[in-house]
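Chemist: Chains A and B are the protein sequences, given in the same order.
Okay, so the first sequence: first residue is 1 according to the numbering used here, each after it adds one.
Okay, so the second sequence: first residue is 1 according to the numbering used here, each after it adds one.
Calculated directly from the structure, the hints in this document are not laboratory data.
Heads up, the beta-carbon is just placed ideally off N, CA and C, and yes, glycines get one too.
One should not assume that every hint holds.
As the list claims (entries may be wrong) - Chain B stretches covered by chain A per the calculated footprint, using a threshold of three residues with CB under 8 Å from any CB of chain A:
#1 52–62
#2 136–147
#3 179–188
Below are the chains, spelled out letter by letter.
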Amino acid sequence: MMKSILLAGATMLALSTTALAAEEITECDRLAAHGSDPERIAPAVSESGMNKAAAQAACEAAVAKDPNNRRLRYQLGRAYFYDGKFDKGMPHLEFAASAGSQQAQFVLGYIIDTGQGGQTKEPCKVEDLWVKSARQGRFAAQTSYPHHVMRGLFKGCTQQASTEEMQGFLDAAKKQADDYYQRLLVSMLQEELTAYKARK
Amino acid sequence: MKARIALVTAAALALPFAAAAQTPKVTQCDLLVSHPEDPERVAPGIDDVKDKAAAIAACEADVKADPNNRRLHYQLGRVLFYDGQTAKAIPHLEAAASAGSQQAQFVLGYIIDEALQGLKREPCKTEDLWFKSAKQGRFAAQVSYPHHVMNARFEGCKLQATPADVDGFLDKAKAQADGYYQQLLVKTLAADYARFKSTK
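Pulled out of the complex, with its shape left as it was, chain B reads as follows (with noise of 0.2 Å):
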């Protein structure tokens, strides 16, 4: 249940990468396991995906058919990690971040984050995924990132982000909000930043 919830966050964006926008075609991974708030996603989201069996044989036919699509990619690794396939889901997160994939930088580094299914926590590997995340316009990088620098917990890591950068990601959030929650969340963050910034 928690590793579900912590696949299914973030805003929808618009589709930066040209990649995304040729008009892709949508396979039955698409059909079975697109996330709601995947940016990239091509098909009607799915919140709960209920036959993970079948849609992980989809998804690994049409990730075999198409090796470098991170879209499937990222797809094939939810389920599996939704499954607890959990060793056999990372290659498939990592493959899907690396490639560009702003859910899977998000996820990956949250699940890694919160040491979810006996992965290890790695901040600094963290603080990577979600800068790329947040550099992209992923929402929830945007906020998870400079609520991590606050609360120390990427200490001992560089920071890849400017104190510009963060106000830059809040800013973006804040454009982006969508409802009341989200709202109090990011003016909380940012009324918090620029304290954090006047004590440094």
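So that you can see chain A by itself, here it is in the shape it has in the complex (with noise of 0.2 Å):
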């Protein structure tokens, strides 16, 4: 259930990546893709739903066949980190991120960020992460950016949103917010980041 959480989340964006012309649909995209993932080119399908033997051959073939492709190194990493196969699935996460995958981006600093599969947590590496995927257009890392860095969370690290930069974050958070509770989530960061620079 909590891996399911974590890599769960965000809004879906315009596809704005040159990756995504017109790609074939291949049967780990059908076995894995994240409802939430902007580069999903198929029917999510929720940890629950996954067959996670299964998913986990698709993506390994389909990643042999194309292992530049940041979208199915991504689901690949999602279905051996649902499986518990953590450090199978962190290198293709770790790939994924690098390659700028903004959904790879928050889930990967999200798991370092909680430690999850016995990650250690290393803040700076999730400042980094989360920066990225923001600036892309990530609401969960929208979010989560400035909630850590109003808390100290990133404290020691070289952070690389300004406060000005924090606020168009959950501007554009706020225009993706799509339920009560998103809204109420970014009003309240909102709130904070005025108290915030105040004090600054």
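Two chains, two frames, some hints: make the complex.
Modeler: Structure below.
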């Protein structure tokens, strides 16, 4: 459940990467696409609805054919992670995040932030992943980044986003918020950021 | 749209009322207007009531046949409100809230708080409705009540919840939080409320 939650979230965004141009939908997409991944090209598969063994096999095959495809690498990482195969999952999530997947950037940051799967907590790595994800428009990162900054959770790290940029993240998040709770969360963070700026 | 979103909130809860637990008859009103997150619903949830005229007619007939049924009153109020018939909707939402529907208590408090569709903002009425709803276990009220307390949105009202009550709301909300954003929301509120209490 927790893993499902951590890999869930975010809102749909425009498909902006050239990698997405009329791509072939693979078996990996059919078995492991995440509902909130803005780059997904097949209907979403939940954690509980995923055939993990089949998804791992399909995604391994798809990645072998197209090793630089960040979407497939994220999905393979996801299928392993759900199955508790953290050591196998992490390199794929790392690859996808490095290749620019905002989904992988947020999720990998979350895993590291919470120490899921025995990962070492590395706040500065989380800061870096989430600022990249937030800049690409990921709602989860746009809210989580300011949340962590205001609570000193990135203390000791180079904070790449200024207060003004964080305000921009929250303004963008406000436009994307699609239910009562998301709106309440953004509203609270905006109120906090105003107070935070005044203290600075 | 905003009104619809306002009525589409909160987490599903166990049925705490004897009235709701007695295998109630599923009516046409239930089939057409049940809210997905109403803990008392007895039919599949409907996010978007398509044929409002038919739904209003069905709910009016069902309420006439069972005038003390808070679930049916809530559903009639819901569809009338969606249809912009605010003056007609409010008495049914009031009846349902007074009769103990935690769904109606939260929703009525929300639409008053937001002054939707020309309603007068009455913070003390919202306080009362959300307090009751939160006490009954409604996630939306359990998070909204502390938020409004901290933001002085109930200023001038008699706060019915003690700090221990509010802590209890947040503890219960934490246990119910479904998904990353709800978890982040509760976590943020809990941290803020701890700080808020320490400054009092």
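Chemist: Compare the structure with each hint and give your call.
Modeler: Hints versus structure:
1. 52–62: Check failed, 0 qualifying residues.
2. 136–147: Held - the region 136–147 of chain B has 4 residues with a Cβ nearer than 8 Å to chain A, which meets the minimum of three.
3. 179–188: holds (count 8)
Hint compliance for this structure: hint 1 is the single one not met.
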